[in-house]
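Protein chains: 2
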Amino acid sequence: MNINPENLHSPADIKGLDNDGLAHLCDDLRAILIRKLSAHGGHVAPNLGVVEATVALHYVFNAPDDKLVFDVSHQTYVHKMLTGRIAAFLDPARYDDVTGYTCPSESGYDLFEVGHTSTSISLATGLAKARDIEGGKENVVTFIGDASLGGGMALEGLGYAPTLGSNFILVINDNQMSIAENHGELFTHLAELRATNGTAANNIFKALGYEYIYVRDGNDIASLVKAFRQAKDADHAVAVHINTMKGMGLPCAEANKEAFHYHGPFDATDGNSLRVDTSESYDDIFARQMLAHMAADRRTVTMTAGTPGSIGFPPAARAEAGSQFIDTGICEQQAVTMAAGLAKGGCRPVFGVVSTFVQRAYDQISHDVGINRLPVTFVEFYGGATGGMNDVTHLGFFDIAMISNIPNIVFLAPANADEYVAMLDWAVGQTDHPVVIRTPGGRVRHADGAVNTDFFRYDTVAEGSDVAIIAEGNLLYTALEAADILRSRGISPTVINPRILSQVDAACLDSLKDYRRVITMEDGIVDGGFGQKVAAYLGNAPVRVTTLGLRKEFIDKFSVKELLDANGLTAEKVAEAAMA
Amino acid sequence: MNINPENLHSPADIKGLDNDGLAHLCDDLRAILIRKLSAHGGHVAPNLGVVEATVALHYVFNAPDDKLVFDVSHQTYVHKMLTGRIAAFLDPARYDDVTGYTCPSESGYDLFEVGHTSTSISLATGLAKARDIEGGKENVVTFIGDASLGGGMALEGLGYAPTLGSNFILVINDNQMSIAENHGELFTHLAELRATNGTAANNIFKALGYEYIYVRDGNDIASLVKAFRQAKDADHAVAVHINTMKGMGLPCAEANKEAFHYHGPFDATDGNSLRVDTSESYDDIFARQMLAHMAADRRTVTMTAGTPGSIGFPPAARAEAGSQFIDTGICEQQAVTMAAGLAKGGCRPVFGVVSTFVQRAYDQISHDVGINRLPVTFVEFYGGATGGMNDVTHLGFFDIAMISNIPNIVFLAPANADEYVAMLDWAVGQTDHPVVIRTPGGRVRHADGAVNTDFFRYDTVAEGSDVAIIAEGNLLYTALEAADILRSRGISPTVINPRILSQVDAACLDSLKDYRRVITMEDGIVDGGFGQKVAAYLGNAPVRVTTLGLRKEFIDKFSVKELLDANGLTAEKVAEAAMA
Chain X
194 MNINPENLHS PADIKGLDND GLAHLCDDLR AILIRKLSAH GGHVAPNLGV
244 VEATVALHYV FNAPDDKLVF DVSHQTYVHK MLTGRIAAFL DPARYDDVTG
294 YTCPSESGYD LFEVGHTSTS ISLATGLAKA RDIEGGKENV VTFIGDASLG
344 GGMALEGLGY APTLGSNFIL VINDNQMSIA ENHGELFTHL AELRATNGTA
394 ANNIFKALGY EYIYVRDGND IASLVKAFRQ AKDADHAVAV HINTMKGMGL
444 PCAEANKEAF HYHGPFDATD GNSLRVDTSE SYDDIFARQM LAHMAADRRT
494 VTMTAGTPGS IGFPPAARAE AGSQFIDTGI CEQQAVTMAA GLAKGGCRPV
544 FGVVSTFVQR AYDQISHDVG INRLPVTFVE FYGGATGGMN DVTHLGFFDI
594 AMISNIPNIV FLAPANADEY VAMLDWAVGQ TDHPVVIRTP GGRVRHADGA
644 VNTDFFRYDT VAEGSDVAII AEGNLLYTAL EAADILRSRG ISPTVINPRI
694 LSQVDAACLD SLKDYRRVIT MEDGIVDGGF GQKVAAYLGN APVRVTTLGL
744 RKEFIDKFSV KELLDANGLT AEKVAEAAMA
Chain S
194 MNINPENLHS PADIKGLDND GLAHLCDDLR AILIRKLSAH GGHVAPNLGV
244 VEATVALHYV FNAPDDKLVF DVSHQTYVHK MLTGRIAAFL DPARYDDVTG
294 YTCPSESGYD LFEVGHTSTS ISLATGLAKA RDIEGGKENV VTFIGDASLG
344 GGMALEGLGY APTLGSNFIL VINDNQMSIA ENHGELFTHL AELRATNGTA
394 ANNIFKALGY EYIYVRDGND IASLVKAFRQ AKDADHAVAV HINTMKGMGL
444 PCAEANKEAF HYHGPFDATD GNSLRVDTSE SYDDIFARQM LAHMAADRRT
494 VTMTAGTPGS IGFPPAARAE AGSQFIDTGI CEQQAVTMAA GLAKGGCRPV
544 FGVVSTFVQR AYDQISHDVG INRLPVTFVE FYGGATGGMN DVTHLGFFDI
594 AMISNIPNIV FLAPANADEY VAMLDWAVGQ TDHPVVIRTP GGRVRHADGA
644 VNTDFFRYDT VAEGSDVAII AEGNLLYTAL EAADILRSRG ISPTVINPRI
694 LSQVDAACLD SLKDYRRVIT MEDGIVDGGF GQKVAAYLGN APVRVTTLGL
744 RKEFIDKFSV KELLDANGLT AEKVAEAAMA
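Sequences listed follow chains X and S, in order. If you count the first sequence from 1, position 44 lands on 237 in my numbering, and the numbers rise without skipping. If you count the second sequence from 1, position 510 lands on 703 in my numbering, and the numbers rise without skipping.
Among the clues, some could well be false.
Claimed, not checked - Label pairs and their in silico Cβ distance ranges:
#1 S:A205 with X:N449: 56 to 66 Å
#2 X:A773 with S:Q696: 50 to 60 Å
#3 X:D410 with S:A488: 33 to 43 Å
#4 S:D290 with X:Y670: 32 to 42 Å
#5 S:G214 with X:N390: 46 to 56 Å
#6 S:E327 with X:P458: 53 to 63 Å
#7 X:G301 with S:D470: 43 to 53 Å
Stated by the list, open to error - Some chain S residues close to chain X (C-beta under 10 Å, calculated; not the full set):
#8 G329
#9 D413
#10 Q517
Unchecked claim - A short list of chain S residues far from chain X (calculated; beta carbon distances all over 12 Å):
#11 I227
#12 D476
#13 K754
#14 E755
Since the hints were made in silico from the structure, they are not lab data. These numbers were taken from a predicted model, which means no experiment stands behind them. Ideal Cβ placement from N, Cα and C applies to all residues, glycine included.
With the sequences and hints as input, model every part of the structure.
Listed below in structure tokens is the structure:
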């Protein structure tokens, strides 16, 4: 018996299929995935690898009664197809009906809004404990990628779950990859388990109290169904280790798993991108500058926590950097605290990190780097609303509030590439401060003249009177547009690029005390940001202060233009505020 | 040959001793420890357990050339004795010459200022990598407690270290205890290794690529010296698992390891405390209230991450709570995200957590709880400068800035026990918000009248005019004293207890726009705090705003009184500011 994917409304629709029908369904779903993803982009290779496993999960378990928790939840496209959302994969006009992650507001089959790695085991221990308290009998199942399993919280959860002494099913989706290659002995161990068909000595899952089941071909539906049936309704913790192929069924993705981890629209026949952007980019500038620094001094190292591509280090750049490039896997805590050790040992570590992920190492930034005042440089990518990430689970505009209030950390926000490079050069060359540099998002801009390298002072870029606009990062250019508008209306504003957001420039602010108004603009939430520091500093002065920035809220799939407009961060609105 | 401890100046002084001399030295050091700690208080049981191991480390390795990293570094009293600081243990007048943690400004033998768990392996991977880059040959040694090993970053580091492919020595100090008992299968596994004299199948260290050495009696100096010599100068990662006894040599500490993990001054003959405080305490109030909530509804659970005693749950209270009390071990990430799962599953989790440790789960609070808006309640202890912790590694005054700027989180700061209980009751009874309640530090105060339970609005406790003081937590009482001073000088101030710090009460602030001055007072850093929100909100009004709070800085061993005075947070200084 077969089912036409168009008739898939819920998991109940596949319960009657036999292995052949299931395999046929998998082929159909994979073809649909390739059609959508090549036109639309998305997490290509992860989803292609889990078609069979997802179908088998929904075939064997009874969601939503049985609880399925996915990790990272970007591998849930097939889960969405099977749970009432197939139209968002069949109909191009509805491609954007679904988000790229599990989303409870979309479906009751999605339990949590999660996009960072390594959350599923801990979440599932809570679900399992709640079940046990309430006397439930449902299965609690986590579906976790091998790279996610290597993160600290996943390892905490791995040790905790069996102590519950009740049903807990851990499916390890071992596709032998992180976003790029894996790093760490956990993965050597998984390789040993694969090589021995699950019989290796020193099985870490058995060591931690799990019943262990190995599935040699994790893209074979019959093997998966058998294994999941074996685990189902267990009264203890079971680890089902499945060996899957990332990118399965799409030759370009099988051949280049890293590039196709996440990919924009592409030609499915050859893998070529449909949109090629050859303009200058900040990640290339970062990589070029770091490669030069590393060549000049072997003690300089570039670090990533599993996202080398996002910081300008595809395989060729990594090869050039050699042992001076360090990838800790998706372990931001290890990266930050290892950086502290490197700095103590005389090296100059520069950790390139995506803004949304830097929050995974708050304690490490504060204590291991901050208290010890070690010269670790953090270069943040995708920061701010203008930084290029707009999933609710990957927002980049909380970093100023989070980091700039940690003592000893110098938080710098360049407005253009020349300031960016100058700040990076300064940070690598000094040993007095931990430094955070927030890469501007979007198209690369260049400075009009020489960069003022006294980064502890604000930089006045237009001298005026009466009104001052202090605008950081990309918003400096919006401020300059606002200034043009104001000048056309007879007002000559002062425009200031603050650059340093972790402290105020008292002398500069003192010079503004008798202005009519000061406006601050930041590409981050207002609460806890630099504008509130300015407002507080000027609280005793006659000048009125307007703090512009983003509202403190979690929002999904926003338009940058609309968001800036809604928060008064357009040139016209800033000009209006200045005239108020 | 023996050495008189008074003649201990550096590790070189013990290099010539034989095993008998070393054992004799250990006896002397233990006696000195007991004498100091019974008079002074400190981390009693952890240090008594590592006397022999510390002597053996310094006997076999050559610090400071060889690098020793301790975790948690509260077990370094003997290390301090051996590295030029014995006077601080011999001479009562100099007891406070040393801090309770490794401290680089005290000695070059101390590499990092660290007080949170689970940092050593990651720090040491940095030191080892720096050594390898620079062509060094020294040993890099981490000394980590079993409970610390269970934390997420330690587990990340555990998998990472062997990939360096060079000398890395991991000493696991297995004293079979966390602060309280251990929780998690890692500890069951360590028990299995101990029970089999290190020969158990499924050895997690071997699985992760370590050479493994087991020391059955980790308080026997000869066995330790032999094992450390075997590991020394290895060209790969070696795990030396030593079985030690927490509290060794002091009967009361051996018998009650939890109570003597950290203890104030006591009588060494019977273990009785020299100072007994029988006054009402907030942890008792918390425990009493939670036990009542748990008895009333079995879905209510109380959680801790390894610090049950700090939240009012000694063994008897834990026994009363039964399976509704959850201790995740020193795994704050697991605790917070498990709480999210519990809340999703219909439970009402209340996580009691020490302020300095809550920062170890920022990502989890923001995403797993915050984005998902799950009804998890966090009850923070030891928050603020008045909260009772003053080690630089355990400061409690960064929490307002850190947490209150996360969307969806309701951050409440009660000023007295009645507000505290009312907030806890409200938080447990609702399902709309994640809630943080910051327990006031110090002596318990009670409200004068009924508690205003509209916690989303500020509470005006004294109606006045011209000047308003908005003061949170304990500082409300300082504000009331300042108000008395002001009234004696003819000024009648309005005094406001804000209670909610994560948002402003617009209506209340609007009523103050034409005041001459508003003063905010907070028991936390000013940067990122609630006062700056007030200043920003009132930035467009004529009223002048003064934001009082703590300077953003890491400080060690401060006096509360002096710190408040230095930051203008005394009644007299607030009154002066109001009259300015």
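Hint check:
| no. | hint | result |
| --- | --- | --- |
| 1 | S:A205 with X:N449: 56 to 66 Å | 57 Å, holds |
| 2 | X:A773 with S:Q696: 50 to 60 Å | 24 Å, violated |
| 3 | X:D410 with S:A488: 33 to 43 Å | 52 Å, violated |
| 4 | S:D290 with X:Y670: 32 to 42 Å | 55 Å, violated |
| 5 | S:G214 with X:N390: 46 to 56 Å | 54 Å, holds |
| 6 | S:E327 with X:P458: 53 to 63 Å | 47 Å, violated |
| 7 | X:G301 with S:D470: 43 to 53 Å | 51 Å, holds |
| 8 | G329 | 8 Å, holds |
| 9 | D413 | 27 Å, violated |
| 10 | Q517 | 7 Å, holds |
| 11 | I227 | 31 Å, holds |
| 12 | D476 | 23 Å, holds |
| 13 | K754 | 21 Å, holds |
| 14 | E755 | 18 Å, holds |
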